[in-house]
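J.: One line per chain: the protein sequences are D, Y, U and B, in this order.
If you're matching positions, the first sequence starts at 1 in UniProt numbering and goes up one per residue.
If you're matching positions, the second sequence starts at 1 in UniProt numbering and goes up one per residue.
If you're matching positions, the third sequence starts at 1 in UniProt numbering and goes up one per residue.
If you're matching positions, the fourth sequence starts at 1 in UniProt numbering and goes up one per residue.
Do not rely on the hints blindly, as some may be mistaken.
Taking lysine-lysine and the BS3-like style, the derived pairs with C-alpha atoms no more than 27 Å apart in a straight line are [to be verified]: (1) 202(Y) <-> 206(D); (2) 75(D) <-> 202(Y); (3) 421(B) <-> 55(U); (4) 118(D) <-> 725(Y); (5) 141(Y) <-> 276(D); (6) 276(D) <-> 996(Y); (7) 966(Y) <-> 279(D); (8) 75(D) <-> 141(Y); (9) 561(Y) <-> 75(D); (10) 85(D) <-> 996(Y); (11) 725(Y) <-> 75(D); (12) 926(Y) <-> 118(D); (13) 55(U) <-> 463(B); (14) 276(D) <-> 966(Y); (15) 311(B) <-> 158(U); (16) 725(Y) <-> 260(D); (17) 718(Y) <-> 279(D); (18) 173(D) <-> 960(Y); (19) 206(D) <-> 112(Y); (20) 30(U) <-> 421(B); (21) 561(Y) <-> 202(Y); (22) 421(B) <-> 718(Y); (23) 725(Y) <-> 35(B); (24) 996(Y) <-> 75(D); (25) 118(D) <-> 996(Y); (26) 461(B) <-> 158(U); (27) 460(Y) <-> 75(D); (28) 112(Y) <-> 85(D).
Since the hints were made in silico from the structure, they are not lab data.
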Amino acid sequence: MAQIFDRSSNALARMSLVLTGLIVIALGVTLDGLQRSPWVTRQGQRPDQPVPFSHKHHVQGLGLQCQYCHVTVEKSSYAGIPPTKTCMNCHAQIWTNASLLEPVRHSWATGESLVWTKVHDLPDYVYFNHSVHVNKGIGCSSCHGRVDLMPLMYQQNTLQMEWCLNCHRNPAKNLRPVSQIYNMAWEGPSSQKPVWCAVNGEQADKPTAQSVDCVTRDPAKNGTQVASLSLDAVRLPGMGAVSAQAGAGAVIPAQLSYTKFTSQEDLGRFLVDHYKIRKPNELSSCEVCHR
Amino acid sequence: MSSEAGKSNMQQDPNGNGMTAVAEANAGLTLAEVRERLKGVKGKKYWRSIDELAGTPEFEAAVAKEFPDQASEWIDPVSRRGFMKLMGASMALAGLAGCTKQPEEPIYPYVKAPEDLILGKPNYFATAMPFPTGGVPLLVKSDAYRPIKVDGNPDHSYNQGSSDVFSQGSLMDMYDPDRSQRATVRGNVADWADFYEAYREKLLASKGNGGEGLYFLTSAITSPTLERQWSEAQKAYPKAKLVQYEPALAGTAFAKGFNPQYSLDKADVIVSIDADFLSGAAYPGFHKLVRDYAKRRKLADGDRTMNRLYAIESTPTTTGMKAEHRLVLRASEIPAFAADLAAAVGGNGASPSGYSWTEEQTKFLNALAKDLKASGGKSVVIPGLYQDPSVSFFAQGINVALGNVGKTVAYGTVAGQASPSDQVADLKSLVADLNAGKVDWLIMLNTNPLYDAPADLEFKSAMNNAKMTVHLGLLPGETGAEAIWHLPAAHYLESWSDVRSYDGTVSIVQPLIEPLYGGRTTHDFFQAMLDEPMVSAYEAVRATWKADLSKGGDFEQNWRKALHAGWIDGTAYTPGTTPTALAAAKAPQPVSKDTFEIIFRPDTNVYDGRYANVGWLQELPRPITSLSWDNAALVSAATLTKLGVEEGDILEITANGRKVKTPVLVAPGHPENSATLYLGYGRQEGRVAGGAGFDAYLLRTSDALHYTTGTVKKVDGKWGLAVTKSHYQDHRGKLAGGRGDGNYSLEWNEADIRGVIRAATLEEFKADPNFANQDTDERSIDHKDATLFPNWQYNGNAWGMSIDMNSCTGCNACIVSCYAENNIAVVGKQQVRIGRNMQWLRIDTYFEGDLSAPRAHFQPMMCQHCENAPCEEVCPVGATVHTPEGLNTMVYNRCVGTRYCSNNCPYKVRRFNYLLYSDFETESLKLMRNPDVSVRSRGVMEKCSYCVQRIQEVKITADKENRAIKDGEIVTACQQACPSQAITFGNINDPGSRVKKLRDDSRSYSLLADINTRPRTKYVAEVLNPNSELAEAPVEHAG
Amino acid sequence: MAIPVEGTYGMLAEFETPSDLVRAAQAAYKNGWRRMDCYTPYPVEEAAEAIGFHKNRVPLITLIGGLMGLVAMFSLETWISVLAYPVNIAGRPLYSWPAFVVPAYEWTILWAGLSACFGTLALCGLPTLYHPLFNVPNFRSGATDDKFFLCLEATDPKFEIVSAREFLEEQGPVSVVEVEY
Amino acid sequence: MATKDFTTNDPMIDPETGEFRVLGQGQTFNSVTAKISDIVLTPHTPWGWYGFFVVAGSVTGILMTAVTWLFLKGVGIWAITQPVAWGFAIINFVWWIGIGHAGTLISAILLLFKQGWRNSINRFAEAMTIFAVVCAGMFPLIHVGRPWLGYWLFPLPFTMNVWPQFRSPLLWDVFAVSTYATISVVFWYLGMVPDFGTLRDRAKSPFAQYFYGMMSLGWRGSVKHWMRYETASLLLAGLATPLVLSVHTVISFDFAVAVLPGWHTTIFPPYFVAGAIYSGFAMVLTLAIPLRKFYHLEALVTERHIDNMGKVMLGTGGIVAYGYGMEVFMSWYSASHWEFFMMWNRMFGPMGWAYLVLIFCNIAFPLTTLWVRKWRTNITFMFILSLIVNTGMWFERFVIVVTSLYRDFLPSSWGTYRATKWDYATFFGTLGLFTFLFLLFVRFLPMIPMNEIKLMLPSAKIKPKEPAAAGSEGH
């Protein structure tokens, strides 16, 4: 009787054993990558919208305030999608014939809603509340990215649970003065760009946002001004709805004693204390987001 | 979560209606026949047909015959909704699990945003629910202009925020997918405009003859505006006739305008003569009566006085079960007893009936009379609504004699309904006119005579004599199907009107949403007869109150104030002191003991049938019997044996030459040789109502609307009743740990031994205030140190609840409120039968003592939020965990459904979605849901969350405002609905909080403390105040 | 030392009974042969003793594997419950070590078992689907059935075709054949 | 010698030595090889085998249908409800795992105890273990509400950042059962490697040669390999022993760790393990008796084996009986009302009948008869008895799971439990699956370990002198 297997089969057999192991590992790695991939998270995808609305143009170009359109961001869980009326406020006068805006005019004429596609879409069992974040010092750009640089809206972050927890477990690293909430360009304090903060009559029943003043110019020197998205651009109808917080501390009592912050860590810790941010174990408790 | 408001584009499920059901339980239909019916139909159609078949009793019977009690997955609502859709849903489900991506979601922004709307923040509007026994002032929560929660108006003097099963259920009534959506003429789709044309022509034509032959049949008119409109219409058309008919109330003193105002908070002794004023809004003034009754039983901070309730009953009700002393009488004996009581107390010169009472009854009578005399001015006698008019007469007499009038009760110029009338007489004459051919237009408004008119009037044949018949109703119903015109009515949440509550205060009924299906109201019909026919109900209501509201300054201002507050000031009745003029009546002689008595009562859940298609109320287990989804002939255990039948057997009841077949069920404490039939069942139509129960109206004749006599016999067949609570007799000997003979309830004996229920008499309580907390083996107390592990520390907020068993009357309002708040699914009869009902909150009812005359203990039972929660420890994926504030949260989307937690829950308060129970298809039901609570899908565990969504809402607000949460700022849904204020919720770490005080009360005990679960919910033990002269009430003794 | 003959794996002797084999092996060992092996249809300890194969390293490998399993699981559990996502479960402490024992225990056994199995295969150099011995006809027909073989391998310094064959002939075998590569 | 006169009529005693004989007479190395390997290598599959195969296959089909419907509709198609949220699925799970245990016991524990007689039966006992674990392992997966999320039970780095909860006995199960399955397979396969070698060398068809060649990993019977192999087997046996004990202990924790009266008992671990072995041996008998008949293996699986297994069952059965007794005693002695009521309810409650069945099948019948050697060695009797015990042990699990759950702490939430057709379909389906796999095993794999049998043959003794004597063996 001759050999059943060829000489090479030994090498083959052993190699296949090793390979099986490798394949299993590779598979695991791939799946792990897949669950975080943009294909799943929709990061960076720009869905077709009825109107190619450019945040870049309206925010950076025209200097519109976020809450000019997203009116309820400070009051409610929803930031709010602007009604057609808001568009027509201007576009009744300008670009009245632009074909791009046809859907808007159609909606205005017929009374049918413009049908947008959700870009930041959380699962239905997640209950996110904009107002509390905005009121406690989480800026728009922390989650939505540099919207002011986005010609077409897309999702900057994964919006996955691990991403939420990442901040809920250590809010300090993302907190900013409430006066800076709408400042898209905010980068946190550094030795080049320090931030001065002062506590102003902290007391119960007074919203924390109002008891902390922060400025980006040394208040010691004069010419102090509130750091906030500069609003030199056209003031538009219905723009009364500028946030109380953004306005807060517009007038800074001279006697306030300011602390200088040159790192996000220090500022974060300071704000956690004075904005009365809840402890990480409370923030990462299930019922905070799931009901 | 997309933000379209108001725009309600509703598709109807075309195959919602079940096939025609029959009252007979066991109409034969084998699976073979089912297949026969299905032969030839394929694919989607096939499943549709299955859907149609499923739900009909024949089908259930058939399936049950093939595999008893295994039929569930065929006839649960899931199958009813169609198999294909189910596939889709479950796949989508798998998708949500994260294996695949979720679909893209659209956003529909407004074109012009309404001023007062902040999306994500609910609005609250004050309104009121019209109800034949008096309007219920409401505060309705509206999310993006969809009413999503109905609750009592907290500022209103009458109900002070409390509500009841009907008002809670009325929300689902509005979103009922079966509501009629188009006007139809002879079954063909028509238009309101067409009808108006015809109607106006008719009115013009009959202007000449003063509206001769123009007949209106309406439900009781409770709206002052409607009353005004009618009286004006009457002027324009003197010969036009209005007949009011309320099946539940026709023939009662109340319907004729007898509506005493009781102030039970001032009464030490309360006597109910067959008056069920504690179980639901079916009794006028329910909300106030319960609150006042409970107020005197709180024994709060050192108070050691409480009221005493006597109940004389012909059928077991929660009122009787709560009573210190309950006397079971046959229905026909009640008037005689009232007369003798009056005689004994010396009320309006009543003479003894001369009826021979048993020794026990006489003893009761004397003791009662003595106690009443002793507490003159501080007592009150309440007559039964459905009793012979003489009972009201005697009751009033007694109250007068005792000098209660003006103190605990007020009579005089108070009317229950806007325009009282003798409904039975009117209805009879209407039928007479019909048969005489005098009626050419019969307009039936929000009424369903073909279903609920007295059987002897043969209304159906009579109706066909009218030249034109018009029916306005939420659902077509039996009448709508027969009438020439059927017109969709507007729900009270969709329309303007006004209504008086029990105390007379007028509330404006303002709409919460545009009529979903273009419905109209009675107002429009009457207005059409006037000079400006097109005046809207809104204008009409304003016109009615223009005078009153203009008094204190500017009308517009006051009007807006009234709308905002929910009532019009100064419209309450002035408590009269002069007794209502009642015809001096004589008590009819009781029938002999061996005639079989039949008692008719409006159902505690579906009332006269108007709520029959409301899933929440159908599935709600009734007080006392824990029966859901059906009605049954309630009899005593002795009668059951006497008839030689078992529960679920079919009885044929014959009365006044009419027959009806009904399943039979034992009700503890029911009088002998008598049966109680609840109305409102045996409906043909409706995806929910269809096929449930039997129609008791078939027996009901105009001369015996609430009580009659007849005969019963057993017929073949069985009817599977869905009773949510097991009830066994305790046959254990002393050795086996039992006690008492078979007359005692096993459940009660165990509950007693295990210290589940802890109660004492007032004397015992005074002697030992700590009676509920002696530390014995079974009824132990919390041991903080009985653990190997260090106790988990809860600083800051720690949520807890306290439930006062002394106040709870088991009226179920909390359960329905919980349904609405937490998007709880309705699972259907078959699922309930095998024990899968989904209520997060149930009311455990234990019958103490001899089951022929028991006392019931009502124990609201929901998740106890144990600090050492057994459920959490065994969950392999950590889907149920503890929050830093001590909530036991259930994270639905983490649950894989091992059900281990449910097994390990000592209180068995967890509910599991064994099948896809939540309805993901029906559009109108989607609109009803609470957007702050996830809709649970198949395979997920759920349970009471202490209304965590409300807690979170308040927490966020408080955090933004940088303040602590105030005591009472968070109100759970059950607490909000409770008319007796038995439930208190709050922060147990806050020394000032009410819940903390209650939990520290010596009567507060934790359930099953010996397992050391450390529940966050504590119960306040019951204290009873028996009359020492009567046999010591069978209270189990503490310790 | 003598260079092993090219193309020869060794010299194979077939025996009828285990006893013959054992005696032959003992003789060979006494005679100074070291690079040799016996082939039997069932374990014959005496034969192994005879050719001086006394202990192996399987137990050590198993022990190491087991310990790794133990450490891996227990630390994983602790990390998860205490550090990764600490939550209050039923009021129990985060570090509930008694509960962690069970999975750790199971993994100890799992890893030990797997190491024992794969360790053995590795030490035996299996899989070896091709082997010179399979070239010998009577080997394949008997070695796994009822025959007993002794093979003097060419790598033995003492090996030399003629002497090896002579030596084996003396042990009263059924047959002696040269094994080719 | 003295023993002779009475042993003449006793086939189980070796006439020369007077020792108990495990194997029948006249076996040689070659006859053993032939006997066993021919069953596998024969080109003619017996018709009977096909018959069974078709039946088992169709029953497996039923299982597939039941599981498909289950996934489509949800676990609601079963009878589980409130308060009995666990039903057939968990009962079957525990029952099957229990059956698996005998296999490991025979192959591992008896190996450690140097019980030679195990050699004939350990292979298919192990096979039985593995197939039982397959059936068992299925249930925890399919009984959950959302099976497609089963992978959440493993500690993997998902984007949710949430992890399994290691205090839950169910999670312990995951590790215990998966470990048990893996180790059993490894042990089983390693044991077969030399036999695969034999099959490779005897196979005629090239495919068979190729297949068994692969499986044998090129085994060539080198004594060095044999020595390592022996060590590994011993070590695996040494590991499998604590494993098998721990597995059913962990399973008993599913109940013992809960607070439920009737579950919350410290006696569960030993009494579950004993019960497992009890039922396991019953199943071995149920399989062995028809097999030896069908394939004429009476010489290799002798009455002696049946007898020994009977003895083991007698012992373990005794422990189980003690467990039952203790439960009853403690329910009184603990003076805890919960326990007392639980026991009363178990015996006299609406489901008391189940308790009676279990007492008869597990205690009353077997423990009275197994004492008698005449019956222990009566093949048909033992077969029937094995079936009865299997039934009884299933009911034990039924009683534990259902009758503890359906009446627990709060009388208000008492309920009942009525199995549906789907419950039965799933249960009997797994019986089909089990038989299906087992048939494949007996057809294509060596069901008795040849090398270990050969080890026991007299001719395997090394005789120091007189080569002639040795030469005369087996001719």
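J.: Determine for every hint whether it applies to the structure shown.
T.: Hint check:
no., hint, result
1, 202(Y) <-> 206(D), "violated (67 Å)"
2, 75(D) <-> 202(Y), "violated (55 Å)"
3, 421(B) <-> 55(U), "violated (59 Å)"
4, 118(D) <-> 725(Y), "violated (47 Å)"
5, 141(Y) <-> 276(D), "violated (31 Å)"
6, 276(D) <-> 996(Y), "holds (26 Å)"
7, 966(Y) <-> 279(D), "holds (21 Å)"
8, 75(D) <-> 141(Y), "holds (18 Å)"
9, 561(Y) <-> 75(D), "holds (26 Å)"
10, 85(D) <-> 996(Y), "violated (51 Å)"
11, 725(Y) <-> 75(D), "violated (46 Å)"
12, 926(Y) <-> 118(D), "holds (20 Å)"
13, 55(U) <-> 463(B), "holds (24 Å)"
14, 276(D) <-> 966(Y), "holds (18 Å)"
15, 311(B) <-> 158(U), "violated (57 Å)"
16, 725(Y) <-> 260(D), "violated (68 Å)"
17, 718(Y) <-> 279(D), "violated (61 Å)"
18, 173(D) <-> 960(Y), "holds (20 Å)"
19, 206(D) <-> 112(Y), "violated (34 Å)"
20, 30(U) <-> 421(B), "violated (74 Å)"
21, 561(Y) <-> 202(Y), "violated (40 Å)"
22, 421(B) <-> 718(Y), "holds (22 Å)"
23, 725(Y) <-> 35(B), "violated (64 Å)"
24, 996(Y) <-> 75(D), "violated (32 Å)"
25, 118(D) <-> 996(Y), "violated (46 Å)"
26, 461(B) <-> 158(U), "violated (32 Å)"
27, 460(Y) <-> 75(D), "violated (58 Å)"
28, 112(Y) <-> 85(D), "holds (5 Å)"
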